[in-house]
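*Asks:* Here the protein sequences line up with chains A and B, keeping their order. Every letter in the first sequence is one number past the one before it in my numbering, and letter 41, counting from 1, is 780. Every letter in the second sequence is one number past the one before it in my numbering, and letter 237, counting from 1, is 290.
Read the hints as simulated data drawn from the structure, not as lab findings. Since the model is a prediction, treat every value here as computed from it, not as a measurement. Please note: incorrect hints may appear among the correct ones.
To give an idea of the chain A side of the interface with chain B (calculated C-beta under 8 Å), a few residues [as the list claims (entries may be wrong)]:
id	residue
1	Arg867
2	Gln884
3	Gln887
4	His932
5	Asp958
6	Met960
7	Thr961
8	Gly988
9	Glu1109
10	Ala1110
11	Ser1114
12	Pro1123
13	Phe1152
14	Lys1156
No residue lacks a Cβ here, since even glycine has one placed at the ideal position from N, Cα and C.
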Amino acid sequence: MFGNIQSNLSKIFRKLRSKGRLTEDDLNQGFDEIKRVLLEADVNYEVVNKFIEDVRERALGQEILFSLNPGQMVVKIVYEELVDILGKAKKEIFFKGNPAIIMLLGLQGSGKTTTAGKLAVLLKKKNRKCILVPADTRRPGAVEQLKQIAEQANVGFYEPDTDDPLEIARKAPKVAYINSYDTVIIDTQGRLHVDDKLMKELKQMIKIAKPSEKLFVADGMTGQDAVNIADRFNNDLDITGVILTKLDGDARGGAALSIYSVTGKPIKLIGVGEKITDMEQFYPDRIASRILGMGDVLTLIEKAEEGFKEDEAKRLEKKLKKAQFNLDDFLSQIKQVKKMGSLGSLVKMIPGMPAKGIENVDDNVLVRIEAIINSMTKEERESPEILGGSRRKRIAMGSGTSVQEINQLIKQFDMMKKMMKTYMKGGKRGLPF
Amino acid sequence: MGIISNLKRALSRTSIILSKSIAKDKIIISELEKVMLEADFGFGITTDIIDMVKNSSDKESAIEEIKSYLISILQSVEFKREFPKGKPYIRMFVGVNGVGKTTSIAKIAKSDKRNGKKVMLAACDTFRAAAIEQLEIWSNRLSVPVVKGSYGSDPASIAYKAAEEAIENMYDELLIDTAGRLHTNRNLMAEMEKIARVLKKIDSDFPQETLIILDASIGQNNIQQAEKFASSIPLSGIVLAKIDGTAKGGSIFPIVRDLKIPVLYMCTGEGLDDIVMFDPVEFVESIFPV
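Could you put the whole structure together from the sequences, leaning on the hints where they help?
*Replies:* As structure tokens, then:
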């Protein structure tokens, strides 16, 4: 996500940083280029203009012209202003009432139903007991879709006995309460913001269900119209927050940069993949650093912590210290890395990595390595040095790979082992992840 | 037609300002820029048009110039559809998630059936929950048969089976619904390529058309979508969906101009009849009222 903005902005910043002194002309030219990048990224026209004006004002004031490293200073100002228009600080989902009601609202095809499942999975981690409620009785297959998603997510599902969304909004919380669910997620029908009849229906549903969260679900690829749509939903229904979806493509993030400044309502969550676990908390500061190519180490660390079991990590560390690290340990490490998400998504969070062109890091590499190690005997895994030509040939046949690939793996493993040895000697603690 | 009237209103504001003076007036230029950019035209075409207007002497000729330029873009790609004899006409519908593929198929199936065609559907979205059920419901409502498989099965095999059945039972048309896929996901793009490849094994003309559905409310990302899909599979046309909102759909201009893919249909509402053949002149005329 944001790959395009990132690579274009970094070009502009490189140019600015290459100069020891920045004149007002240099700056104005840089700002024009930033403006163009943002417009091409679908950031709303008005929002862009205001953003550029804010940055320009600060830059032309004392801050840049007299600073020691003016180029760096521009980056800093842009970063701070970005954090500002993205919503300043993270905002979590808010729960009130028993059960707490969360309603998902938005246009057709913005991803409400999929989001309902992802949200339930996310809230399950926070020990919420969720039930999904289908209030979209109009689109063919919508109820069935949510039912299947509830099964996948392994959360409750409310089977409606009526086609009337208002009736569903009335009954579902009671059913949830009786069955001791503490969180009700209502998936509403997609509707246009200009469809007065359906907007009125939503208003009535809100009156009945009294949700503590009214979350507007928006497609992350939405263009200039994003602000009109969000504004209308907010004015009519007083939304409490936003979920941006489909940010795993090359969405330029214009909607993310526009919606908060227009509605004043925070983006709370973002959908970043097709899997039911692919939903993340939205952090304005982290996203701003991703946009500026500064990486997102914090999220990476959190993912690592989630994926790695602590005792497993300790066991590995012990083995490393004794220099007993073998291919079995290598395999278990690979399995844990896989749990953290696709390689492409991980690489993008590393500072200095270009976001463009690495969307398609091949996850099959890991699968092949797993296959190779799985085709080895216990003895071979523990002491890879016994792997001679005929053993390698056998493993290649068994794993459906080639001897070259096995050679390469062993080489990488040796290198890694060596690296770890020096790393341990250096007295540093913990795994290099 | 909310979008048209909105764009009309937005652009008529431009024309009022244009009437005052045209030459190198900064205010006119920036107002024009604003209107075009907010309509998702994108930077390239907006700049081109502004350059054109800069050289105009008066308002009328400026607007005529803009109109004829935009119409010429939309007309620059010709499209002809000929229904073949002795085999079905197969159309594949592709696009990212949530653009309205299944609904568009239902609309086209209905309109073609009304025109006397014998239509069959194929449910090749075996990934998204309840996607098959969704197409089945349409198939029941429209009483056109649907060929389907189970979830997780290979979409290409379902398409193959459907094509065989369409030939066997002498259908005029087969409409293939595919899973929504992000254009950046190489594996899913390869899966889509496979569907077309497998159909070609039956007849090298299959599928006669591959249509990409684009959501009018999506901005410049539509260009990336069209580009990436077109580089995977030859696209014969665009279905512009959801232009009944306030989005203007200006992103189709750079797509048609640079990728040479014609816009064929326009979806104007939620009803099954809310689909029209795309008319470039009408579309542009309604943007710039006389």
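*Asks:* For every hint, state whether the structure bears it out.
*Replies:* Here is what the structure says about each hint:
With a cut of 8 Å, the hint placing Arg867(A) at the interface with chain B is violated, because the nearest CB-to-CB distance is about 22 Å. With a least beta-carbon distance of about 3 Å to chain B, the hint placing Gln884(A) at the interface is held under the 8 Å criterion. Given hint, Gln887(A) at the interface with chain B, holds; its Cβ is 4 Å from that chain's nearest Cβ, closer than 8 Å. Because the closest C-beta pair between His932(A) and chain B is about 7 Å apart, less than 8 Å, the hint holds.
Checking Asp958(A) against chain B by beta carbon gives a least distance of about 7 Å; that is within 8 Å, so the hint holds. Taken as an interface hint, Met960(A) checks out: its beta carbon lies about 4 Å from the nearest beta carbon of chain B, inside 8 Å. With a cut of 8 Å, the hint placing Thr961(A) at the interface with chain B holds, because the nearest CB-to-CB distance is about 6 Å. Annotation: interface hint on Gly988(A) holds; nearest CB of chain B at approximately 4 Å, less than 8 Å.
Hint status for Glu1109(A): violated, given a least beta-carbon distance of 18 Å to chain B, over 8 Å. A distance limit of 8 Å between C-beta atoms decides the matter here; for Ala1110(A) the minimum to chain B is near 18 Å, and the interface restraint is violated. For Ser1114(A), the suggested interface contact is broken, since its CB lies about 24 Å from the closest CB of chain B, more than 8 Å. With a cut of 8 Å, the hint placing Pro1123(A) at the interface with chain B is violated, because the nearest CB-to-CB distance is about 31 Å.
Nearest Cβ of chain B to the Cβ of Phe1152(A): about 27 Å, over the 8 Å cut. The hint is violated. Residue-level restraint check for Lys1156(A) is violated (minimum Cβ-Cβ distance to chain B is 32 Å; threshold 8 Å).
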